[in-house]
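Student: Line by line, the protein sequences are chains U and F. The first sequence maps to residues 1 to 393 in our numbering. The second sequence maps to residues 1 to 393 in our numbering.
Possibly wrong hints are sitting among the right ones.
To be verified - Sample of chain U residues lacking proximity to chain F, with all beta carbon distances greater than 12 Å (derived): (1) 50; (2) 221; (3) 265; (4) 270; (5) 277; (6) 280; (7) 285; (8) 331; (9) 333; (10) 376.
To be verified - Derived EDC-like pairs (lysine to aspartate or glutamate); straight-line CA-CA distance at most 20 Å: (11) F:60 x F:70; (12) F:262 x U:19; (13) F:224 x F:234; (14) U:262 x F:70; (15) U:60 x U:70; (16) U:60 x U:19.
Calculated from the structure, these hints are not laboratory results. Each residue gets a CB set at the ideal place from its N, CA and C atoms; glycine is no exception.
One-letter residues, chain by chain:
There are 2 protein chains.
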Amino acid sequence: MPVSEDIGAFVPGPRVRIEGRRDGPLAGLTFVAKDLFDVAGVPTGGGNHDWPNGRPIPEKHAWAVQTLLDAGVTLIGKTITDEVSLGILGENAFDGTPVNVRAPGRVPGGSSSGSAAAVAAGLCDTALGTDTGGSVRVPASFCGLYGIRPTHGRLPLAGMLPQAPTSDTTGWFARDAETFAKVSAVMLGEEIPSGLPTRLIVAVDTFGFADPEVTAALRPLVHKLGGLLGDVREEVMAPPGLSAWARAQRTLQPYEAWLTFKDWLDERNPRFAYSVARNLVMGALIPESERSWASLMRQEARGRMAYLLPVRTILCLPTTPFPAPLRGQRLSALDPLRDRITCLCAQGGLAGHPQLSIPGATVDGLPIGLSIIGPRGSDATLVAVARALAAVA
Amino acid sequence: MPVSEDIGAFVPGPRVRIEGRRDGPLAGLTFVAKDLFDVAGVPTGGGNHDWPNGRPIPEKHAWAVQTLLDAGVTLIGKTITDEVSLGILGENAFDGTPVNVRAPGRVPGGSSSGSAAAVAAGLCDTALGTDTGGSVRVPASFCGLYGIRPTHGRLPLAGMLPQAPTSDTTGWFARDAETFAKVSAVMLGEEIPSGLPTRLIVAVDTFGFADPEVTAALRPLVHKLGGLLGDVREEVMAPPGLSAWARAQRTLQPYEAWLTFKDWLDERNPRFAYSVARNLVMGALIPESERSWASLMRQEARGRMAYLLPVRTILCLPTTPFPAPLRGQRLSALDPLRDRITCLCAQGGLAGHPQLSIPGATVDGLPIGLSIIGPRGSDATLVAVARALAAVA
Numbered sequence: 001m002p003v004s005e006d007i008g009a010f011v012p013g014p015r016v017r018i019e020g021r022r023d024g025p026l027a028g029l030t031f032v033a034k035d036l037f038d039v040a041g042v043p044t045g046g047g048n049h050d051w052p053n054g055r056p057i058p059e060k061h062a063w064a065v066q067t068l069l070d071a072g073v074t075l076i077g078k079t080i081t082d083e084v085s086l087g088i089l090g091e092n093a094f095d096g097t098p099v100n101v102r103a104p105g106r107v108p109g110g111s112s113s114g115s116a117a118a119v120a121a122g123l124c125d126t127a128l129g130t131d132t133g134g135s136v137r138v139p140a141s142f143c144g145l146y147g148i149r150p151t152h153g154r155l156p157l158a159g160m161l162p163q164a165p166t167s168d169t170t171g172w173f174a175r176d177a178e179t180f181a182k183v184s185a186v187m188l189g190e191e192i193p194s195g196l197p198t199r200l201i202v203a204v205d206t207f208g209f210a211d212p213e214v215t216a217a218l219r220p221l222v223h224k225l226g227g228l229l230g231d232v233r234e235e236v237m238a239p240p241g242l243s244a245w246a247r248a249q250r251t252l253q254p255y256e257a258w259l260t261f262k263d264w265l266d267e268r269n270p271r272f273a274y275s276v277a278r279n280l281v282m283g284a285l286i287p288e289s290e291r292s293w294a295s296l297m298r299q300e301a302r303g304r305m306a307y308l309l310p311v312r313t314i315l316c317l318p319t320t321p322f323p324a325p326l327r328g329q330r331l332s333a334l335d336p337l338r339d340r341i342t343c344l345c346a347q348g349g350l351a352g353h354p355q356l357s358i359p360g361a362t363v364d365g366l367p368i369g370l371s372i373i374g375p376r377g378s379d380a381t382l383v384a385v386a387r388a389l390a391a392v393a
Numbered sequence: 001m002p003v004s005e006d007i008g009a010f011v012p013g014p015r016v017r018i019e020g021r022r023d024g025p026l027a028g029l030t031f032v033a034k035d036l037f038d039v040a041g042v043p044t045g046g047g048n049h050d051w052p053n054g055r056p057i058p059e060k061h062a063w064a065v066q067t068l069l070d071a072g073v074t075l076i077g078k079t080i081t082d083e084v085s086l087g088i089l090g091e092n093a094f095d096g097t098p099v100n101v102r103a104p105g106r107v108p109g110g111s112s113s114g115s116a117a118a119v120a121a122g123l124c125d126t127a128l129g130t131d132t133g134g135s136v137r138v139p140a141s142f143c144g145l146y147g148i149r150p151t152h153g154r155l156p157l158a159g160m161l162p163q164a165p166t167s168d169t170t171g172w173f174a175r176d177a178e179t180f181a182k183v184s185a186v187m188l189g190e191e192i193p194s195g196l197p198t199r200l201i202v203a204v205d206t207f208g209f210a211d212p213e214v215t216a217a218l219r220p221l222v223h224k225l226g227g228l229l230g231d232v233r234e235e236v237m238a239p240p241g242l243s244a245w246a247r248a249q250r251t252l253q254p255y256e257a258w259l260t261f262k263d264w265l266d267e268r269n270p271r272f273a274y275s276v277a278r279n280l281v282m283g284a285l286i287p288e289s290e291r292s293w294a295s296l297m298r299q300e301a302r303g304r305m306a307y308l309l310p311v312r313t314i315l316c317l318p319t320t321p322f323p324a325p326l327r328g329q330r331l332s333a334l335d336p337l338r339d340r341i342t343c344l345c346a347q348g349g350l351a352g353h354p355q356l357s358i359p360g361a362t363v364d365g366l367p368i369g370l371s372i373i374g375p376r377g378s379d380a381t382l383v384a385v386a387r388a389l390a391a392v393a
């Protein structure tokens with residue numbers, strides 16, 4: 001493992017270490033938790049320096065933290081996140097941008113930026129993140145990691161700072177498929193099966209939307225995956241357009257985020273980077289007519305994903321349309337990138353299917369992930385596919 | 001003078017002291033400058049911790065600072081301001097809220113908050129502020145000071161951080177009329193005349209709009225002023241409504257502020273209190289149709305003020321509709337207060353006439369200012385009126 005950075009570079013607040021249960025099945029492994037998860041006795045920072053003000057210090061670990069500790073995994077830190085999880089690139093104006101050792105000079109992706117970056121740097125074995133609009137999937141892709149957004153509603157979110165509850169999930173990362181499978185079995189409370197799906201759908205609209213170099217770089221992985229499952233067919237994932245799905249997600253999610261945070265904004269007038277405040281203000285301004293349209297589009301997206309994904313079927317797509325962008329760019333350069341990312345991530349928040357990003361491809365040396373999506377509840381099967389794929393020579 | 005606070009409570013950055021010219025006419029007096037004015041060798045903070053980043057340290061004093069130093073006034077500090085002058089109450093999430101010794105537990109008013117508060121606390125004799133939408137007038141009223149917003153375009157703004165150039169002005173404060181007159185003569189480059197106007201217009205719509213207690217508290221001052229000038233008549237200042245003028249100002253000013261700051265926002269994604277970022281985002285969203293309407297309303301307001309204020313005429317109104325509000329209130333409580341303040345301040349930005357706030361009245365012990373407005377260029381005459389009024393038993 002390359003250990004090129006001290007854990008301090010990924011941790012915004014006080015150092016934390018809590019030993020996992022000695023007799024747990026994962027004893028010996030270590031993890032970090034995004035600073036949206038409660039750790040008893042430690043203020044939850046939320047990536048925003050005004051978030052902890054006036055809030056009680058948590059007395060209980062978040063469900064996800066407790067689950068890993070009980071399994072024997074030792075917590076070694078709480079990691080930098082985009083402010084209250086509003087961000088997809090991982091640049092935090094208060095705590096800095098975690099170093100992406102796999103793509104020097106580039107963003108780690110967000111909002112689970114520090115969690116992904118710390119795993120990529122080899123400082124821990126696994127890490128907890130959250131994914132509302134892509135916040136596990138995007139850093140997994142940019143940092144070259146396995147990362148999962150589980151089926152929405154499957155895992156308890158107790159002790160996790162919410163953003164948009166109809167899209168919020170808890171996810172995790174690992175560098176290798178075996179570790180990822182072990183952690184996933186614990187988190188999902190389910191054995192990783194040995195049987196695999198029998199059909200692969202290649203979402204042609206998503207591969208057409210990604211940069212051509214990304215599509216070319218992912219081709220060998222898709223080919224291997226097809227060989228593993230047998231039946232391969234091409235389909236359009238989003239007939240109304242990936243941009244129409246993205247628009248629906250960009251309508252529903254910021255409005256819900258505004259509902260989540262508006263009392264805090266009103267009472268505390270907290271400090272934010274301009275782009276984060278803008279996101280919240282724009283959420284507040286979304287008219288009911290837009291939300292109605294977006295809700296209908298969400299229903300359609302759910303119907304489409306359920307149709308595409310009967311049992312024993314998975315779908316693949318590029319996790320992100322490009323590898324990690326350069327750090328420190330202007331907002332006017334980043335905004336279109338963020339919008340393009342949302343076009344490949346919107347199905348997660350809209351339809352709630354589980355999605356796993358698989359590393360292994362690169363463009364000019366920069367990691368890029370291949371995602372697989374399965375039926376709702378098929379999380380363990382996706383993990384099985386990732387493990388089987390890694391085992392193929 | 002009550003010296004209840006150290007100057008440090010009003011100063012966000014490094015201590016600064018620059019002696020005034022020993023042979024200047026005001027030698028022996030001291031001043032502070034709002035941290036929007038350049039002082040050579042000191043970063044201009046702008047009330048926002050990201051403003052100075054990447055900017056050169058000023059090599060020259062701002063015109064207003066140089067003018068006071070040349071007159072012999074010694075600079076003893078740079079003072080807290082609302083972020084990049086966007087705020088009217090004086091609560092700064094980065095630097096804190098300067099203590100208003102005249103109204104304990106209440107805001108000092110902004111954006112020239114630290115300047116007004118330091119003068120009120122007796123820590124200096126005068127102070128430089130800026131007034132775009134009320135930023136000298138409001139803290140003058142809340143802190144019980146003399147304060148002037150000069151004729152727009154009269155004084156050089158070199159070395160002053162701009163906000164909305166068609167409304168921006170440089171103003172100043174003092175506790176007593178004599179000091180105020182001396183400083184004004186230097187800043188205006190003009191003797192304060194002995195002759196007074198001969199007609200007082202009482203703006204009945206403004207007194208009707210203020211809290212009844214404010215109108216009652218100001219009545220003795222208005223009466224004294226009428227006695228001094230002779231001819232008193234009542235007029236409506238804003239026939240379309242104070243709220244229509246306020247709406248025009250709240251359209252033009254935030255849009256211009258956005259134009260001023262948008263490249264910085266884009267390049268640096270700076271941190272702001274939520275309310276300040278919201279102000280900028282809303283400025284960016286103002287449609288051309290609203291701006292066209294507001295420009296016409298501004299032309300009407302200019303015509304109205306010119307009609308009301310021929311030579312030897314002044315108009316009086318309450319500076320603010322109420323005394324200083326309590327500190328630390330929710331945004332949803334403060335937003336309507338801010339809007340009401342704008343109804344009594346909008347004429348300054350719209351029409352550009354000089355306005356001077358006179359202290360002397362209180363409501364439940366809290367200061368409240370009476371403003372006088374004169375024809376464009378009559379700044380020195382307004383100062384003469386204030387001095388003559390103070391001399392009346």
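Student: Next step is simple, just say for each hint if it's right about the structure.
Tutor: For each hint, the structure was consulted:
1. With a least beta-carbon separation of about 8 Å from chain F, residue 50 of chain U fails to lie farther than 12 Å from that chain, contradicting its non-interface assignment.
2. The beta carbon of residue 221 of chain U sits about 35 Å from the closest Cβ of chain F, which is more than 12 Å, so the claim that it is off the interface holds.
3. Listed as outside the interface, residue 265 of chain U is inconsistent with that label: its C-beta sits roughly 5 Å from the nearest C-beta of chain F, within the 12 Å cut-off.
4. For residue 270 of chain U, the shortest C-beta to C-beta distance to chain F comes to about 6 Å, within the 12 Å cut-off, and the non-interface label is violated.
5. Once the 12 Å rule is applied to beta carbons, residue 277 of chain U is inconsistent with being away from chain F; the minimum gap is 3 Å.
6. Not every beta carbon of chain F lies more than 12 Å from that of residue 280 of chain U, the smallest distance being close to 7 Å; the non-interface claim is violated.
7. The beta carbon of residue 285 of chain U sits about 8 Å from the closest Cβ of chain F, which is not more than 12 Å, so the claim that it is off the interface is violated.
8. Non-interface status of residue 331 of chain U relative to chain F is broken: a Cβ of that chain comes within 12 Å, the nearest being about 5 Å off.
9. Listed as outside the interface, residue 333 of chain U is inconsistent with that label: its C-beta sits roughly 9 Å from the nearest C-beta of chain F, within the 12 Å cut-off.
10. Even its closest Cβ contact with chain F, about 37 Å, leaves residue 376 of chain U beyond 12 Å, as expected for a residue assigned away from the interface.
11. For the proposed pair residue 60 of chain F and residue 70 of chain F, the alpha carbon gap of about 14 Å is at most 20 Å, so the pair holds.
12. As the CA atoms of residue 262 of chain F and residue 19 of chain U are separated by approximately 48 Å, the hinted pair breaks the 20 Å bound.
13. With a CA separation close to 15 Å, the supplied pair residue 224 of chain F and residue 234 of chain F stays within the 20 Å bound.
14. For a cut-off of 20 Å, the pair hint linking residue 262 of chain U to residue 70 of chain F is broken: about 50 Å separates their Cα positions.
15. Between residue 60 of chain U and residue 70 of chain U the alpha-carbon distance is near 14 Å, which keeps this suggested pair within the 20 Å criterion.
16. Between residue 60 of chain U and residue 19 of chain U the alpha-carbon distance is near 15 Å, which keeps this suggested pair within the 20 Å criterion.
When held up to the earlier numbered hints, the structure conflicts with 1, 3, 4, 5, 6, 7, 8, 9, 12 and 14 and fits the remainder.
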